[in-house]
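Visitor: Based on the hints, put chain U in the right spot on chain V.
Protein sequences appear in the order of chains V and U.
FYI, my numbering numbers position 21 of the first sequence as 605, with every residue one higher than the one before it.
FYI, my numbering numbers position 34 of the second sequence as 125, with every residue one higher than the one before it.
Hint data in this document are derived by calculation from the structure and do not stem from the laboratory.
C-beta: ideal position from N, C-alpha, C; glycine also.
Errors might be hidden in some of the hints.
As the list claims (entries may be wrong) - Selected chain U positions facing chain V (in silico; Cβ < 8 Å):
1) W98
2) P99
3) R133
4) L137
5) S177
6) L181
7) R185
8) H188
What the hints assert, rightly or not - EDC-like, lysine to aspartate or glutamate: derived pairs with alpha carbons at most 20 Å apart:
9) V:K633 x V:D669
10) U:K187 x V:D684
11) V:K686 x U:E150
12) V:K642 x V:E604
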Amino acid sequence: AQSVTQLDSQVPVFEEAPVELRCNYSSSVSVYLFWYVQYPNQGLQLLLKYLSGSTLVKGINGFEAEFNKSQTSFHLRKPSVHISDTAEYFCAVSEPPSNDYKLSFGAGTTVTVRA
Amino acid sequence: SQTIHQWPATLVQPVGSPLSLECTVEGTSNPNLYWYRQAAGRGLQLLFYSVGIGQISSEVPQNLSASRPQDRQFILSSKKLLLSDSGFYLCAWRRKHEQFFGPGTRLTVL
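So that you can see chain V by itself, here it is in the shape it has in the complex (with noise of 0.2 Å):
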């Protein structure tokens, strides 16, 4: 079975400075990756995703990830963040096609920005 872990429940940071948000997870196969990003009472936006290919996957917003086979971890980053970054953010994996694509959801970081 799949889990995830994020390592960080609360990650403060000041404008325009870079950020981590660190994920590692749990899989005996080979998992598809996701960061989705979710705005006080809203749902979820998907931020950036691995497949396979590049190990280095950019996304929107100026987000990006790298996925670690060997360490098992997809973190994600950005070079410098807006107030507009303040979110919520989970990492997430996927398991297909054997589990018909459920995904299994890390507990979330809120990142909040401070001018």
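Guide: What follows is chain U alone, placed relative to chain V:
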């Protein structure tokens, strides 16, 4: 284009009352549909998923149930709500490897 709707947006219900949350998808046919719950300070937990009309798989034993009476309609129900049912309920549909989420329903059980 495809869109996903959930209603109501917010709901306050007393303990022991029934529940019905609705999710509909437009612009696609025979989608896989999912219900997730997000409790305060926790991640998303998959509750139910459906691969077709009348086909429901339950992921977590609880006092909730789901139904799919039509191709693009997914309903989450309960006969008697518990305090622990409070949370943010999200519906999603799948295209290939990606899931798309609705705006969610905030449920408060008092």
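Visitor: Run every hint past the structure and note whether it holds.
Guide: Results for each hint:
A distance limit of 8 Å between C-beta atoms decides the matter here; for U:W98 the minimum to chain V is near 13 Å, and the interface restraint is violated. Annotation: U:P99 was flagged as interfacial toward chain V, and the flag is violated, the nearest CB pair being 13 Å apart, outside 8 Å. Using the Cβ-Cβ criterion of 8 Å, the hint placing U:R133 at the interface with chain V is satisfied: the shortest such distance is roughly 6 Å. For the restraint placing U:L137 at the interface with chain V, the shortest Cβ-Cβ distance is roughly 6 Å, inside the 8 Å limit, so the hint holds.
For U:S177, the shortest C-beta to C-beta distance to chain V is roughly 15 Å, which exceeds 8 Å, and the interface hint is violated. A cut of 8 Å between beta carbons decides the hint on U:L181: the least distance to chain V is about 6 Å, and the hint holds. Against a cut-off of 8 Å between C-beta atoms, the interface hint on U:R185 holds, since the closest Cβ of chain V lies about 6 Å away. Because the closest C-beta pair between U:H188 and chain V is about 5 Å apart, less than 8 Å, the hint holds.
Distance hint between V:K633 and V:D669 is fulfilled; the C-alpha atoms sit about 18 Å from each other, no more than 20 Å. Restraint check for U:K187 and V:D684: satisfied, since their Cα atoms lie roughly 10 Å apart, inside the 20 Å limit. This hinted pair checks out: V:K686 and U:E150 have alpha carbons roughly 10 Å apart, not beyond 20 Å. As the CA atoms of V:K642 and V:E604 are separated by approximately 14 Å, the hinted pair is consistent with the 20 Å bound.
The structure fails hints 1, 2 and 5 (numbered hints given earlier, in ascending order).
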